[in-house]
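Enquirer: Sequence:
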Amino acid sequence: MIGAGGSLNINDGLFEVLGGTNVENLLFAGNTAMQVFGTLNVGDGSGAPESARLYIGQNTLPELPNPTNRRFLDIEPGGQMIVRSDAGVLVGGGNRGTLQLVGNAVYVQDGGTVNIRASLQLGNGSYFLINGPGTVNIGTSPSSGANTVTFPANPTTETRFRVDDDGAEVNIGDGNANMVIGNGATRLDNADAFLGAGFVSYELNRGTVNLNGRFLLNDPNARLVMTGGTFNINPQGDNDVSGALNTCHLQRGIVIMTGGTLTIVNPPANAGAGVAFLVNPQGTPGDGGAGAVLSGDTLAATPVNFSGSLIRFGNGVSTAPGAANEGFEVNLHNSHTYGDFEVNNPSGNNRFVWFYSTPANSTINLTNLNVVAGEFRQGRPAV
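Sequential numbering from 0 applies to the sequence shown in numbering that gives the first Met the number 0.
Accuracy of the hints is not assured; some may be wrong.
Label pairs and their in silico Cβ distance ranges [unchecked claim]:
id: 1; residue 1: Thr362; residue 2: Val16; range: 56 to 62 Å
id: 2; residue 1: Ser143; residue 2: Glu374; range: 30 to 36 Å
id: 3; residue 1: Arg379; residue 2: Val16; range: 52 to 58 Å
id: 4; residue 1: Thr156; residue 2: Gly4; range: 21 to 27 Å
What the hints contain is simulated information worked out from the structure, not anything from laboratory work.
Even for Gly, the Cβ is constructed at its ideal location relative to N, Cα and C.
Based on the provided sequences and hints, a complete structural model is requested.
Expert: Rendered as structure tokens:
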């Protein structure tokens with residue numbers, strides 16, 4: 000444990016915690032391998048890549064198909080973890096080993112490589128920031144979707160996940176990870192959406208986030224902010240997203256998407272009611288009614304303006320087949336203004352793209368539709 004006001008500085012060499020075998024048996028529910036109330040510095044920026052190393056439970060065996068959540072590293076309230084360019088961090092082994100930010104804990108990565116074998120858990124008021132050319136891998140080993148990034152359900156203060164460097168890369172999940180912001184709550188007033196201090200914000204300004212699974216924005220105090228960077232969502236992998244779920248669903252909350260590129264890499268592999276991309280109507284999130292609406296502003300209910308962003312279906316390389324007769328289904332609500340769309344599927348089965356609207360037969364306001372390769376269809380699929 001690193002006490003409040005104290006620090007652990009790993010400038011070179013290996014600092015190892017629970018380096019033996021069968022360590023998974025030592026971590027029961029509610030326990031953790033390492034606690035940080037002060038400052039944990041990994042690397043000083045002067046060494047070769049991964050010359051300053053922190054390994055926690057590296058010999059932990061995988062648990063299949065669904066690993067039990069075990070916290071290996073807790074950054075406690077008031078604590079911080081700083082990862083620099085010469086750092087190499089390993090949290091857990093196999094598909095077990097969670098990094099938890101508790102309360103107002105802070106994680107800052109200027110570079111280096113971090114492997115979190117299970118999940119990253121953000122607490123109420125925590126801040127996760129990558130502002131350098133570093134790599135973070137979160138739950139990329141098979142776990143049947145159990146490992147992902149989790150956010151507090153009802154935050155009372157600002158909670159942020161932010162990627163802000165051109166060389167930053169975040170890889171999440173095994174193919175059917177659920178990255179969900181919010182718990183679907185509705186409120187009797189809209190103070191939490193526009194005036195309250197409590198919200199969760201997923202922010203991509205620069206860099207790349209690769210999500211192997213699905214993304215759902217679903218709470219009055221949930222925010223998606225993209226001003227740049229690349230967000231790739233792939234519902235196929237070691238495991239595939241259920242056909243009943245949407246690959247990317249902007250359902251409830253605040254969306255500010257003035258730049259960057261959102262790519263749905265592959266169509267859903269499993270047939271069902273789920274679609275590739277779904278945008279709910281404009282409204283006041285948490286208005287006490289249905290509440291499943293979006294706003295494009297943090298101060299008032301406005302349509303979302305996607306102008307300046309690019310939304311792609313297919314990346315021109317991947318050829319994984321989609322579900323028969325479904326392909327990429329894209330359901331757009333007519334209350335918003337869209338930017339550029341691109342279809343790029345030179346090969347592969349069932350990779351056609353359907354565009355349709357809610358309400359049906361509506362006019363969709365968009366900037367450009369560019370079919371680079373593949374097939375584009377207009378109108379709801381007859382399935």
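Enquirer: Hint by hint, note whether the structure agrees.
Expert: A quick look at each hint next to the structure:
Taking the beta carbon of each, Thr362 and Val16 are about 59 Å apart, inside 56 to 62 Å as hinted. For Ser143 paired with Glu374, a C-beta distance near 32 Å keeps the hint of 30 to 36 Å intact. Range check, Arg379 to Val16: about 54 Å between beta-carbon atoms, so the 52 to 58 Å window is met. As the Cβ distance of Thr156 to Gly4 is approximately 23 Å, the hint placing it in 21 to 27 Å holds.
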